[in-house]
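Once you have looked at the hints, place chains B and C on chain A.
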Amino acid sequence: MSASTTVSSTSGSSGASGPLTNDGQPLKRSLARALRREKFRALLLISPLLVFILVSFVMPIGDMLFRSVENKIVEQTIPGTVRALASWDADSAELPDEAVFAALADDMMLAQEIKIHTRLGSRLNYDQPGISSVFRKSGRKIKGLDHEAAMAGFIAIDPAWGTPEAWTTLRNMKAWPGKFPATAQSWDNWKAWYLSEEKEELDPATTIPHGFTYAALYHDLAAMPASSIDAFATSKNTDAAALFKNLVGQVDSIPSDDFKAQFADIEKGWAELDNWQAIQRLSPRIVDSYFLAAIDAERTAEGIESKPDNERLYLKLFVRTIFMSLVITGSCILLGYPVAYLLANLSVRASNMVLILVLLPFWTSLLVRTSAWKVLLQQQGVINDLLVWAGVINEAGRLVMINNMTGTIIAMTHILLPFMILPLFSVMKTISPTYMRAAKSMGASDSLAFWRIYFPNTVPGIGAGSILVFILSIGYYITPELVGGTTGVFISNRIAYHISSSLNWGLAAALGSILLILVLALYWTYDRIVGIDNVKLG
Amino acid sequence: MSALPAYASTGQRIWHYTFRYVICGFILFFLIAPILTIIPLSFNAENFFTFTPAMLSLSPEGYSLKHYQDFFTNSDWQQALKNSFLIAPAATILSTSLGTLAAIGLSQSHVPFRRAIMAILISPMIVPLIISAAGMYFFYSRIGLQGTYWGVVLAHAALGTPFVIITVTATMVGFDRSLTRAAASMGADPVTTFFKVQMPLIIPGVVSGALFAFITSFDEVVVVLFLGSAGQKTLPWQMFTGLREQISPTILAVATIMVAISIVLLSVLEMLRRRSERLRGLSPS
Amino acid sequence: MKIIYGLTGAFALSAVAMAASAADELPACENCVDELTIVSWGGAYSNSQIEAYSKPYDALTGVKIINDESSNEAVPKLRAMNEADNVTWDIVDVVASDAIRLCDEGLAMEIDADEQLAAAPDGTPASEDFGDLLVSECFIPQIVYSTTFGYRTDVEAWGGKTPEDICAVFDTATFPGKRALEKRPINNVEWALICDGVAKDDVYDVLSTDEGVTQALDKLATIKDQVIWWSAGAETPQLLADGEAVIGSTYNGRLFSVIEEQNQPVAMLWDAQVFDLDGWIIPAGLSEERKNRALHYIMFATDTQRLADQSKYISYGPARKSSAPLVGKHAELGIDMAPHMPTDPANATNTFLYNYEWWADNRDDLDAKFQSWLSQ
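Protein chains in written order, with my numbering: chain A, 2 to 539; chain B, 6 to 290; chain C, 2 to 377.
Bound-form chain A, shown alone (with noise of 0.2 Å):
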């Protein structure tokens, strides 16, 4: 890097008029045609594995963790009750009105038959606990629904409306979709639901929509001011102006289904101010609950607050997982050093014998290696055993070193202490012995000039040694799900809880995506201090 700098800035301080090459180019083009030879050769050898891994690992990750702010799903079930809702105020201390529960009902109607209302209960219950089964319950009561009263109420005002041709007039007048934006989306809902019901497409010549689409239009028609019903009779699209002939001033008279009522009646849930508050709240498609639920937070009525203590989790485990890889870091340091100076030491017959008991380990699936501790901790394993047997405790007095932070603490770090011990030797392996000599010579006690002399010369070791062990350890899984019992979990296992168990994998990649952030920084900062060029495995 240093070379580059140096190279680039005499060439750009060499002026226009500079010294030229043997072929009579001038030197300042020639040095930066070279350089840019030299750049482009050095990305042709790094781009097939940058594509790779950007293609294979950054895109999939970028993907998952968008998924933490992704919000789509209410906006596709729920489509018209979302347009409803957005004009609702939602501290107005009043339900929604009429026009809000007929496009829901006209919404879970479609929902429920293709069975994705249960999806959408369980994501609103992440934030509004409870939310799910009214979702459930009300799928299994949604075709119970009267929905004929408006279609008759159009019926009877004008036998026309009651035929498919009306709907094909209606659907090619100029004000469609803009105009009538419930009608249109109850169309495409009553569409969507005839596939799935009928197993065939639906014909709009043969066939006129189901009461909800009837009840939309009344109330698309109820939201327009009374000149543009005006407008559509006396249009010069002949078909529409007769068919809305009849109507004007008669659109209050059209009687309506009264969900609202209905709905209070399938399930109490749908009176209650909170769930709509809930609904509108998540209705953009971006929204920043996942990661409030991630620190502990929600957003209530009175903006965001912390969650009553027996509900927080997310933060005491971030500062558990980030505990607990430092002391698995720190014991690392410690039982690693001793080996790697022993290592560096020895004759290289002696210690090539003990690099493969270093490196056996590494050869013993993780899973095995697991399973071996806790025959080894366990209160009736074989430590114990010998601890009794020795005399050191009795039954009585058995430790408990598993299902907790201890085991945890001590599988990782004989699982991660060879990620210390190699860069560590690595460095340990350049030092020249003449340095401590010199120290000694000079009058330096053993002790004195380990301290001052062959410690200071050791920490890049340290350091790459311990950010690789740090940072692998903090994303952690297997091993404390299995030796981890309640308190010595990290925060991956929760990650993994709710991406194979809870299914909540908007919150999973918000812890995750807050994980990886923890981890760069950490990464970052190494980089600056140490520089990662300097981790070396052996």
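Just so you know, not all the hints are guaranteed correct.
Quick partial rundown of chain B residues pointing at chain C, CB under 10 Å, derived from the structure [as the list claims (entries may be wrong)]:
| hint | residue |
| --- | --- |
| 1 | K201 |
| 2 | Q203 |
| 3 | F231 |
| 4 | R249 |
| 5 | E250 |
| 6 | Q251 |
Think about it this way: if two alpha-carbon atoms lie no more than 25 Å apart in a straight line, the pair counts; the simulated BS3-like pairs of lysine-lysine are [to be verified]:
| hint | chain 1 | residue 1 | chain 2 | residue 2 |
| --- | --- | --- | --- | --- |
| 7 | C | K225 | C | K292 |
| 8 | C | K220 | A | K116 |
| 9 | A | K40 | B | K201 |
| 10 | A | K317 | C | K225 |
| 11 | C | K220 | C | K201 |
| 12 | C | K65 | A | K308 |
| 13 | A | K180 | A | K192 |
| 14 | C | K292 | A | K308 |
| 15 | C | K292 | C | K330 |
| 16 | A | K116 | A | K192 |
| 17 | A | K200 | C | K292 |
| 18 | B | K87 | C | K65 |
| 19 | A | K144 | A | K175 |
| 20 | A | K237 | A | K180 |
| 21 | C | K56 | C | K220 |
| 22 | A | K317 | C | K184 |
| 23 | B | K87 | B | K71 |
| 24 | A | K175 | A | K192 |
| 25 | A | K116 | A | K237 |
| 26 | C | K56 | B | K87 |
These aren't lab readings, by the way, just hints derived from the structure by calculation.
We put the beta carbon where it would ideally sit given N, CA and C, even for glycine.
Only chains B and C this time, still in chain A's reference frame:
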């Protein structure tokens, strides 16, 4: 310092031996204690990870070879072994070749965006495994790679490359660039220079990187659990189901066999090294 | 038909003629693929399915069966497959609660029991033969298992007493020692409430309130420091065999294996055992040919004889009423399997019924509460 000087005082002697045989002995024992535990347990006559009274009294009934027999006759285990040996080498070759090329590229003196590139290339090592596994699972499912041999190989190769990058760049740091210039000035083209001059010097780094990459794939369970399907069931996967569905010391038998193989391999390597030293006329240091 | 007769006869020790007639009735599969990916749990359980279902099916049809062992990750994997629109599984073995969840989310195919499952040999339609066990429209029950407790029979500190009922688990004074419980709320909260004086019939009403949940967790808290939480079924047998736990819950088949096959000093506590079901689902969105093959296999594998055959290899009760009389002897040990079935009258004097609908509705909430309680 490898040996104690003749003038060492008694205190120094005591410390020297305490350090070497007590402290280091203890730590090395700590390192291999799990292995020492699993070897006898793999001969357990019962289907648990337990030292039975019969085993402790060294009675022959406590011991049996049935778990070894199970390993060699059970088609699940044999298939898993085969899969592991199909996946790990492919992943190793992929990550070692791409990783070595990239490491050489990275050690050139002029690399634009070096830090950023390095961070990306190292990322598979620092991203917590469970995130990688889930991310790759979703993504590979979408492009049809989930549950395929190549899907697992690609994922394992990605996980292995950081180790190759780190070990190879480390050997390149000490690389004297005047050597390549000397080769070039004597008319060698870049390819010849690479194979005749650079390659022999970085080969130790490449080999140890490849070893790490191999072990990464060979011992990896989280990603393969997500990305693999029945056809890619590797040894760790089989062990994982073994631990979850029916505890059987067969997994200990497998581990013991692996340890035996690696001891043999490592010893052979060491013997070869000594032999080549002798042949080259070097005295063993 | 002679060949088929011989093949099935080799498998079915009892009721050979009936088995042959069932195989007789298996119609040829029309418009089907010749490969089938079956997902199950692995271990002894998968083996029992392979022996009782897949091998005979393969002998009849020559279909190539691929066994995957991903049932533990089935729900997230099916969700991701569905998201990616690339479903690679044909038949998946899941517990009933997962089946309900998959069905609710539209990830599993609906089954018409009478149409798509074999009738009992006496002509009883499948829907009646399975009866109440058809807990979801997508679920094809296979076995009844129970989660129950096993305890060591040689604990000195117990002074010769043996646990008589479920509440011994909460009685650390009389029965000191570590307990092994599953790391999830299901079953544990019910047991806790029963032992805290709640009547069996009221358990779910009590649990529906916040106070009820707190009551259950408080009861569990009294033994929390004595509990080793397990998440894989094989853990409790290992813990009991080691003496690391003195009493622990697990699936009854695991305990059978510990007691009868491995001869460990362990005994069963059948009191307040919780029945649960395990069975098949077919993922939604399969092509017509794959769906036909999957249904064809299911028709064969869940008929009366096949379900009875499975109990020769593992001590779980067949889900059909008509299979019960056909339950024979263990394939290797030669002992009668009927007394080891959770459904055996002697074992089922006090059972607890697991409320699927309640758990489907409340699982998300309870899980979250339980998990944060666990980490306090």
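Checked hints:
1. K201: violated, 49 Å
2. Q203: This interface hint is violated because 43 Å lies over the 10 Å limit.
3. F231: The hint holds - B/F231 has a Cβ within 10 Å of chain C, the shortest such distance being about 7 Å.
4. R249: holds, 4 Å
5. E250: Since the shortest Cβ distance to chain C is 3 Å, the answer is holds.
6. Q251: Cβ of B/Q251 sits 4 Å from chain C, so the hint holds.
7. C/K225 x C/K292: Given that 25 Å is the threshold and the Cα spacing comes to 47 Å, the pair is violated.
8. C/K220 x A/K116: Cα-Cα ~37 Å, so violated.
9. A/K40 x B/K201: holds, 23 Å
10. A/K317 x C/K225: Given that 25 Å is the threshold and the Cα spacing comes to 20 Å, the pair holds.
11. C/K220 x C/K201: holds, 16 Å
12. C/K65 x A/K308: Violated - the C-alpha atoms of A/K308 and C/K65 are around 54 Å apart, more than 25 Å.
13. A/K180 x A/K192: holds, 20 Å
14. C/K292 x A/K308: Status violated; Cα separation ~47 Å.
15. C/K292 x C/K330: violated, 34 Å
16. A/K116 x A/K192: holds, 16 Å
17. A/K200 x C/K292: With Cα atoms ~17 Å apart, A/K200 and C/K292 stay inside 25 Å; holds.
18. B/K87 x C/K65: holds, 20 Å
19. A/K144 x A/K175: violated, 33 Å
20. A/K237 x A/K180: Given that 25 Å is the threshold and the Cα spacing comes to 17 Å, the pair holds.
21. C/K56 x C/K220: violated, 47 Å
22. A/K317 x C/K184: holds, 20 Å
23. B/K87 x B/K71: holds, 21 Å
24. A/K175 x A/K192: holds, 21 Å
25. A/K116 x A/K237: violated, 43 Å
26. C/K56 x B/K87: holds, 23 Å
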